Each structure stands twice: as structure tokens, then as C-alpha cells.
Amino acid sequence: MIKVLPKEKWQGALYSLAIVIVFWQLAAMIVKLPIVPSPWAVFINIIAIFASKIQIHVLYSLGRIMEGIAIAILIGVPLGFLMGYFYRMDRILSPLVYFTYPVPKIALLPVVMLLFGLGEASKLIMIVLIVIFQIIISSRDAVKAIPDETFRSLKSLGASKIQIFNEIILPASLGEVLTSTRLALGTAVSILFFTETFGTEYGMGYFIMDSWMRVNYLDMYAGIIILSLMGFCIFMLIDIIENLLCSWR
Amino acid sequence: MIAIKDLSVKYRSNDNEILALDRFSIHISKGDIYTFIGPSGCGKSTLLHVLSGILKDYGGVVTIEDREIDPRTQRIGLILQNYGLLPWKNVYQNAMLGRKIKNGNQDTDEYSKFILKQLGIDGLMDRYPRELSGGQQQRVAIARAFILKPDLLLMDEPFSALDAITREELQELFLNIWKQYSVTTVFITHSIDEALYLGRKIVVLSPSPGRILEILDNPCFNLDNLRFRDEYYAMSMKLRKIVSKG
Chain A
41 MIKVLPKEKW QGALYSLAIV IVFWQLAAMI VKLPIVPSPW AVFINIIAIF ASKIQIHVLY
101 SLGRIMEGIA IAILIGVPLG FLMGYFYRMD RILSPLVYFT YPVPKIALLP VVMLLFGLGE
161 ASKLIMIVLI VIFQIIISSR DAVKAIPDET FRSLKSLGAS KIQIFNEIIL PASLGEVLTS
221 TRLALGTAVS ILFFTETFGT EYGMGYFIMD SWMRVNYLDM YAGIIILSLM GFCIFMLIDI
281 IENLLCSWR
Chain B
742 MIAIKDLSVK YRSNDNEILA LDRFSIHISK GDIYTFIGPS GCGKSTLLHV LSGILKDYGG
802 VVTIEDREID PRTQRIGLIL QNYGLLPWKN VYQNAMLGRK IKNGNQDTDE YSKFILKQLG
862 IDGLMDRYPR ELSGGQQQRV AIARAFILKP DLLLMDEPFS ALDAITREEL QELFLNIWKQ
922 YSVTTVFITH SIDEALYLGR KIVVLSPSPG RILEILDNPC FNLDNLRFRD EYYAMSMKLR
982 KIVSKG
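Heads up: the sequence lines are chains A and B, in that order.
Each residue of the first sequence is one higher than the last, beginning at 41 in my numbering.
Each residue of the second sequence is one higher than the last, beginning at 742 in my numbering.
Keep in mind the hints are simulated off the structure, nothing from the lab.
No experiment lies behind these values; they were computed from the predicted model shown.
Careful: at least some of the hints might be erroneous.
Here are the simulated SDA-like cross-link-like pairs (lysine to any residue), alpha carbons at most 25 angstroms apart as the crow flies [what the hints assert, rightly or not]:
| no. | chain 1 | residue 1 | chain 2 | residue 2 |
| --- | --- | --- | --- | --- |
| 1 | B | K890 | B | D904 |
| 2 | B | K843 | A | V143 |
| 3 | A | K195 | B | N823 |
| 4 | B | K843 | B | G800 |
| 5 | B | K830 | A | L269 |
| 6 | B | K830 | B | E851 |
Incomplete in silico selection of chain A near chain B, CB under 7 angstroms [claimed, not checked]:
| no. | residue |
| --- | --- |
| 7 | Y55 |
| 8 | S193 |
| 9 | K195 |
| 10 | G198 |
All C-beta atoms in this analysis are idealised placements derived from N, C-alpha and C, irrespective of residue type, glycine included.
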């Protein structure tokens, strides 16, 4: 039977949430400053303003992050597969990937903004630019890690390249691709926050920074929590997809 | 019939050329089972790679029914020591894989149902390979090979990773099914006992580079209670002598 979400995972999540709240509450009681409000005040504030003030920002951010990751997967995974399967592709492209991977792409934000403007395009390009490398490298390595014997029995059956792709490469590396997507997600949320502080009036990044400027710390914390929750939900979504598609593991 | 004439295979390792098979010639008649025995590194697996169409860079001529080896047009069943199952496919999908690749569908017909039943895996269809014992995995691999209805069946030490009891059980089961369908079979082994039990003919190979030392008719093939008989003992001694002389 496929367990979509194991019970331990939910219990673990609730348990960690409880610990965070306890420490937060303690910090609020010790510091006694408006910059550290009590968690309850923040939760009550979320309930009060979510529908009226936060919702629209969540939708914008969610849209950007999903689009960014989807584009990164659509370009990165096929590229990684080609590099993993065809030795010559790997020899040409790997140095390029390795050379550009450590460049801090966030530093290119001014360049991207000058070239593509302050709007949506440059935000998406930043997310894709930063996330895609992890996805390319891990899909390439996943294909390379498939043992030769696995291909052998299919080749002896006279399988075509497409059949080898469908029967071996895709299922064998799907798990790795999802894992790297999950890792990339954390980075993507940070980039999203950063890019949303410029040139937009929508998005969680904008909402948090705007609340900060207005010295409305309750709203700011509400924004931080909603942004975290958003990341957590996408994280769980990938988990569920992995459990459904890779139940053989 | 499988005809191998002057087959030579060279491997390149660093700058040296290593000869794995040296002017190797043999005819294997249709519907027969040959066991190949020899020391490790004698090129047994190389021979199998040539026959299965994986290795294409060789000298000499190798034909199945007068046609050059091409896994796309011929049906070649391959059973490996590590079973060669795909871990993301369940027993049913693994067993039907050969059919799926060759026929484009994986529906079970009476024949495949019968094979699955004979191998005793018809109750494990939804399991994944990691949930099976080694013996069960090898049963799936055997089922896959037979369901394919191969022109040529290649077996590379298929039972050597199994414990002694499971091994003898599977050897017997394999032989029973084989007798019903008489698929032309090349069986590679390093066990003299296995060579005697499963081979109608036994081919003894020399240490590297692989050459044929001798091709023996096996009087022990198809005898009941083989392992308790004098013929078995005599033949086993004879084989041991040839192998050790190299």
C-alpha cells in the first residue's frame, strides 16, 4: 500500500512546531521589545489580515516560485539526462556547468534587471538561473549512477533509445530529480524574497519589507510565517509526489 | 543453429591490448543446451556479451540461424548472476518486460500465465524486487526469459549467488521448463557440478585468452538421481582433470 504521508512525518512536523513556538514565546517574554512579539499575537494577526492583506501576495509568490521551478526542471532535467547518457555531451557541457556553477548568480541581479527590466521576467530568470544548476548536475549524476548491467538486459532485448529512456533512465533518476528539486526549493524561496523586494508591489518579499518599513512588526512576522508555510507546503507536495511515483524504493 | 567462427575479442586496457577470446569456433545446434566451464577471466562473459549483441567490436563471424546477431530482430533471453531485474518494476512488469519491448504489449496470455505458475511466482505479482529473496528474483528473471520465447537463451552463472539448497531447487526447476520448450541455450558456469547437471554438451575453456580445450558429450544429462551415480563421479573426475591441466 502506498503511504502518501506517513504518520511520523506529521507528528514530527507538529512536534518541531511546538518547540519553535515555546522558544519564541520565551524569547518574547525575556526581550520584551516590539521587534519580538509573542507568537499568539502574530497568529491572531494572521487570522485577522490573511484574507484581506496577505492572500494576494501569497498567490503572486506561489506563482513565481512554481513557474521558476517548472522552467528549471523543463530545461535542466533533459539537459542533465543528455549529459549523463551521452559521453560527448557531458565532455562539452560539464566544464561549462562547473565553471558557471560557483558564480554567485544573485550578484548578476543588476545585469538581469538592466537587460530584462524590473518586471516578472527578471524575477523568473533569477530563480531559474540559480536553481537550474543543481537540477542539471543531479539529473546527470543520477543517469551516470545507473549500473551498466541495468542497461544490459534491455539492450539484449534490442530496446530502442526511447524504450531505454522510458524503462530505465526516467524511472531510475526520478527520485534524484525530485530530491534535488526539494533542495533547490529552499534556495528558490530565498531568491524569491530577494527579488520581490524590488520593482513590484505584490509578493511575500514585498509584503514583509513593506511591513518592516511601516514598523508594523506583527504584519512582518505574519509575512515571514506565511512565506515559511508556503515553502513547507511545496516541500510536502514534492514529498507526496515522490511517494506516489517512487513507491518501489 | 548458432555458428561461431574464429571469434576473437580484444580489450584495450591503458595502452595494452588484452586478448579475451582467441579464434573461438563452435557450432551449437538448435534446441540444445551447452554448458561452458572454465577458470575466471577466461572470457566466458565476453562470449556472452558478443552473443547478446552488447559487444559489437569483435573479429570473426557469429550467426544465429545464418543471420548476424542483432538483438533488434532476434529474440535473445539473458539471465544474469545479479538477476537483471529493474527495481522500479514489480514482478509482473519485470516478467513481461521482454514481451513489452518485443511485442509492444504486456498482456498475459495462457503461455505466460503457465510459466509464471510453474516458477511459483504467480502469487507475488505486485511485489518489487527488493521485497524478494535472491531465489525468487532469479525465478522472475527465468520467467522473463521464457515468456520472451527466445531464439537463444544466454545464462551467465545465474545460480552462483544463491545458497546451495535454493540453487539445486532452481536448477531442477529450470531444467524441467527447459525440457518442455528446448530453447537453444548457452549456459556459463564455473561449477563442475552445474555443468554436468545442465549441459547436454560441456565446453571446457582455457585460461586467458579463452580458447576451447575440449567439447564433451555429457552422458550424465537427463539421468535421474544424477548426483548419486557412478557416471556422475567418473565424468566429474574427467572434467576436473581437463580443467586443471588448462
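Hints, verified against the model:
A distance of roughly 28 angstroms separates the Cα atoms of B/K890 and B/D904; the hinted pair therefore is violated under the 25 angstroms criterion. The hinted pair formed by B/K843 and A/V143 fails the criterion: a straight-line CA distance of about 48 angstroms is larger than 25 angstroms. Using a Cα cut-off of 25 angstroms, the hinted pair A/K195 and B/N823 holds, with the two alpha carbons roughly 16 angstroms apart. For the suggested pair B/K843 and B/G800, the alpha carbons sit about 28 angstroms apart, so the restraint of at most 25 angstroms is broken.
Between B/K830 and A/L269, the direct Cα distance comes to roughly 35 angstroms. Violation of the 25 angstroms bound is thereby established for this hinted pair. Taking the CA atoms of B/K830 and B/E851, the gap is about 22 angstroms. The hint holds against a cut of 25 angstroms. Interface hint at A/Y55: violated, since its Cβ lies 30 angstroms from the closest Cβ of chain B, which is beyond the 7 angstroms cut-off. Hint status for A/S193 relative to chain B: holds, with the closest Cβ pair at about 4 angstroms, below 7 angstroms.
A hinted interface residue such as A/K195 counts as satisfied when its beta carbon comes closer than 7 angstroms to some beta carbon of chain B; here the least separation is about 5 angstroms, so the hint holds. Evaluation of the A/G198 hint against chain B yields a held restraint, the C-beta minimum of about 4 angstroms falling below 7 angstroms.
The structure does not agree with the numbered hints 1, 2, 4, 5, 7 stated previously, though it agrees with the rest.
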